[in-house]
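What follows is each chain in one-letter form.
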Amino acid sequence: MPGRATGPLVLAALALLLVPATVFAHQETGSVTGIVSGLKHPVSGMDHVLAMISVGLWGAQLGAPAVWVLPVAFPMVMAFGGMLGLMGISLPGIEIGIAVSAIVLGAMIVTESRPPLWIAAVLVGFFAIFHGHAHGTELPAGSSGLLYSIGFVAATGTLHGVGIALGLVHRFRGGRLAVRAAGAAVSAAGVFFLARIFV
Amino acid sequence: MRTIDRRPLALAACSFAAALCLAPVEAHAHLVQTGFGTFYDGVVHLFLTPPDLLVAIGLGLLAGLCGSAASRGVLFALPAAWLAGEMAGSLFPASLTLPWLTTVSFGAVGVLVAVNANLPRALLVPLACGAGLLHGFVNGQTMVAAGTDRLGMIGASVSVFLVITLSSALVVSLRANWTRVAVRVAGSWIAAIGLLMLGWLVRGQG
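Chains as they are written, first to last, in this note's numbering: chain A, 54 to 252; chain B, 10 to 215.
Because the hints were derived from the structure by calculation, they are not lab data. None of the values given here were measured: they were computed from a predicted structure. Just so you know, even glycine gets a beta-carbon here, dropped at the ideal spot from N, CA and C. Careful: at least some of the hints might be erroneous.
[To be verified] Derived coverage of chain B by chain A (criterion: at least 3 residues anywhere in the stretch with Cβ under 8 angstroms from a Cβ of chain A; other residues may be distant):
#1 79 to 93
#2 189 to 195
[To be verified] Partial list, derived from the structure: chain A residues whose beta carbon lies under 10 angstroms from chain B:
#3 Ala117
#4 Val120
#5 Val125
#6 Phe225
#7 Gly228
[Unchecked claim] Chain B residues, not near chain A, derived (Cβ > 12 angstroms throughout):
#8 Asp14
#9 Arg16
#10 Ala22
#11 Val53
#12 Val122
#13 Leu128
#14 Gly139
#15 Leu175
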């Protein structure tokens, strides 16, 4: 009977009203805030997300050893860029560099470019400095710098992993086309980011 | 309508309650109350101190990449050096966390893992001893200042032994090429965290 079935639900709903607000008083302060902010930061900006996934996609296209070299090199170079920012060493055209990174990395994927490994590593490393400089320094007040860094690096590396995993479809005929289409979308987004800076 | 006889259930509940009343007080003698709690404080301390955990994991990964022969020396050298450092640090109770040195130590270990440095045992063991003495010294100072006794320090060293044993054994057992590269990626993450941390220290927000 509907009346009997809804009775417990109504009682449960009324009971929920009695739950004190202090139940929701999370302990997300200090160190916890640091690691959560670090984990969230790389995935909260589309420019960063697209560039990181592009590194993975391009690496998957290039195959071994690039697919492993790029994710090994990128976090260290990105952190070097972040360190420069933290030390107060400014770089010109940070936002432009980030937008151009999406355009160039997307173009590399679309055209399936296969430059020598050292050129690919230098290109990715160059853009990594801009991403690290822009994003590594945005620590919320009162948080632990170390835990923020752990979260930031882990989230960025995970985005590379997502890119590599998505890029594995490159082995199939349809997947190859899909990866190139994804590269085109990244490039288009980069053009949008660039236009937003100047317009 | 069939009725359910609840008497056996009630009898069982009463028996259980009576048995609880007869339970000796000593049954509640938790290890914390018997003085063994600080050991567990020390065990947990490693997992709540990111620089210590990163250097222990990093050295485990490095030892694993260097092979089983090199690893065996580190398995005992690191916890022993850690304990010696803790004992030395406990003589000078203070809150000197030496963040610059501890950051450089785990960052450097991360770089060595990332570049797949194949260190000989003669180099790997002194490196582990140096890191163990440094981090142990900081542990000893801060743990004594926080009221932890030497049993806690032994607990921390046991944790270090467990972490380095498990991490190096895992890496030694890896055969597929991509799994070893994944270890190097983990090293690059540790190095990246160290670089960023150096920046935070320059800025005064470490």
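Structure-based check of all given hints:
1. Judged by the Cβ-Cβ criterion of 8 angstroms, the stretch 79 to 93 of chain B is not covered by chain A as claimed, because only 0 of its residues qualify and three are needed.
2. For a cut-off of 8 angstroms, the count of residues in the stretch 189 to 195 of chain B with a CB near a CB of chain A stands at 3, and the three-residue condition holds.
3. Hint on alanine 117 of chain A holds. Least Cβ distance to chain B is approximately 8 angstroms, under the 10 angstroms limit.
4. A cut of 10 angstroms between beta carbons decides the hint on valine 120 of chain A: the least distance to chain B is about 9 angstroms, and the hint holds.
5. The restraint placing valine 125 of chain A at the interface with chain B holds, with a minimum CB-CB distance near 5 angstroms, inside the 10 angstroms limit.
6. Violation of the interface hint for phenylalanine 225 of chain A is found here, the shortest Cβ-Cβ separation to chain B being roughly 20 angstroms, above the 10 angstroms cut-off.
7. The closest approach between the C-beta of glycine 228 of chain A and any C-beta of chain B is roughly 19 angstroms, which is over the 10 angstroms cut-off, so the hint fails.
8. Under the 12 angstroms C-beta cut-off, the non-interface status given to aspartate 14 of chain B relative to chain A holds; the minimum distance is some 27 angstroms.
9. Consistency note on arginine 16 of chain B: stated as away from chain A, and its beta-carbon is indeed over 12 angstroms from all of that chain's, at 29 angstroms minimum.
10. The Cβ of alanine 22 of chain B lies farther than 12 angstroms from every Cβ of chain A, with a closest approach of about 25 angstroms, so its non-interface assignment holds.
11. Once the 12 angstroms rule is applied to beta carbons, valine 53 of chain B is consistent with being away from chain A; the minimum gap is 15 angstroms.
12. With a cut of 12 angstroms on Cβ distances, valine 122 of chain B falls inside the contact zone with chain A, its closest approach being about 10 angstroms.
13. No beta-carbon of chain A is positioned within 12 angstroms of the beta-carbon of leucine 128 of chain B; the least distance is around 18 angstroms.
14. Every C-beta of chain A lies more than 12 angstroms from that of glycine 139 of chain B, the closest at about 21 angstroms, which supports listing it as non-interface.
15. Look at leucine 175 of chain B: its CB is around 20 angstroms from the nearest CB on chain A, clear of 12 angstroms, so calling it non-interface holds up.
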